[in-house]
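Use the sequences and the hints to build the structure in full.
Top line first, the protein sequences correspond to chains B and A. With this note's numbering applied, the first sequence covers 72 to 353. With this note's numbering applied, the second sequence covers 1095 to 1222.
These aren't lab readings, by the way, just hints derived from the structure by calculation. Certain hints may be false.
Said to hold, decoys possible - Incomplete in silico selection of chain B near chain A, CB under 7 Å: (1) 102; (2) 103; (3) 107; (4) 116; (5) 118; (6) 333; (7) 343.
All residues carry an ideal CB built from backbone N, CA and C; glycine is no exception.
Spelled out, the chains give:
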Amino acid sequence: MSDDHGHGDKPFLAHHFEDEDHQFDSGKLGIWAFLVTEVLFFSGLFCAYAIYRAMHPEVFTYAARSLDTMLGAINTGVLIFSSLTAAWAVRNAQLGQKKMLVANLAITILCAFGFMGIKYKEYSHKFHLGLYPGNNYAPVEGAFGDHVTKAEEVGFRLEQESDEIEGEHASAELADMNESSEHAGAANEEAHGHGAVKWDDPNMDPETKSQLKVFFGIYYCMTGLHGIHVVIGILLLMWLLTRAIRGHFTPTYYGPIDYAALYWHLVDLIWIYLFPLLYLIN
Amino acid sequence: MSSTSATSTDVHAHIDDDPHHDGHHILPLWVLLGTWGALMGLTVFTVTASTFDLGAFDLPVAMGIATVKAMLVLMIFMHLGFDKGFHSLLIFGSFLFVFLFISFLLIDRGQYQPEISSKTSETLLQGN
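Now the structure itself:
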């Protein structure tokens, strides 16, 4: 066997490996070593988060109000489902179920796109409110969920929809939105009554006010780096999908599926911590 | 994790008739679906828990639930529970270092922050 550099009928067995298990185990050790570096890579950002939250808990409580818990929860669900399909794809590869493997890889990719779509919606909403990262941070009046924000949102939605909606329909819509914005106002007065900090609160510590942007810096860095990993995962899975369609994977050669799934699970794992840390702050 | 180097000698000979040796464990479908169900349930649980004001326990509870979810993903989806012990050593070793990293920084911050806060930027620059 050592003379057979092409390994005969095993087209994906590299010549420097003794056999398929040797290749598989080496790859597996490699991917786990890589995942360790990924954990350490992200840990710097988790440190920044921990230090900043310990120093300014009020900034986190206040700024987190601008994050949509529902969208964050939906994204968590999407990512967990994609983790299931990724783990299922490994099982399919191990059992040589080609059609199911292709289907599960495709579903995983679709979920990844869904995740990025929701992320795009969240980011663009924040940009609309002026909650940009770094020095571009310039929140509009009431960007943190008081009366003015609701009015802004309504205005934003009208702007987007005005192209499609006819006059009569639009005015009905407008009346409807005014009503809902009043409701929102009432809800905010209620919150105010309970002592919630307001963006335009004259008593709000100006230092706290100026430090809100650091929260968004951390938010964009953490979710952004995670998002880059999702995009890389999409590219990896697409490559594997084309290989799976060509029938490259067999019960004795499925390493790449296994390694990519492990990477994908780690991306899911990081989100499992990011979700409560960013979205679920009371 | 239970089967480690003891089985490694006969690993190569039994790929097909022994699916339970290191690295080739095939997860039953019900285990995959059950894990997914548990993860979804825990997600709903953590969102629900966050709507209650638990005071100082808000963060520990949220992190505890996240850690249970992380363990499910690691041990089952990522096959660590059926894999070589060395892979567990690697990844849990990295978690240990992350824990040390964050702990030491928080301890350090706790030590020096009051001192820094008590000084104006001017005195800090002068080195007093």
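Hints and how they fare:
Because the closest C-beta pair between residue 102/B and chain A is about 9 Å apart, greater than 7 Å, the hint is violated. For the restraint placing residue 103/B at the interface with chain A, the shortest Cβ-Cβ distance is roughly 5 Å, inside the 7 Å limit, so the hint holds. Among the interface hints, the one on residue 107/B holds; its C-beta lies about 4 Å from the nearest C-beta in chain A, closer than the 7 Å criterion. Of the supplied interface hints, the one on residue 116/B is violated, with its beta-carbon coming no nearer than about 11 Å to a beta-carbon of chain A, more than 7 Å.
Using the Cβ-Cβ criterion of 7 Å, the hint placing residue 118/B at the interface with chain A is satisfied: the shortest such distance is roughly 5 Å. The restraint placing residue 333/B at the interface with chain A holds, with a minimum CB-CB distance near 6 Å, inside the 7 Å limit. About 5 Å separates the beta-carbon of residue 343/B from the nearest beta-carbon of chain A, less than 7 Å, and the hint is met.
Checked against the numbered hints listed earlier, the structure breaks hints 1 and 4; every other hint is satisfied.
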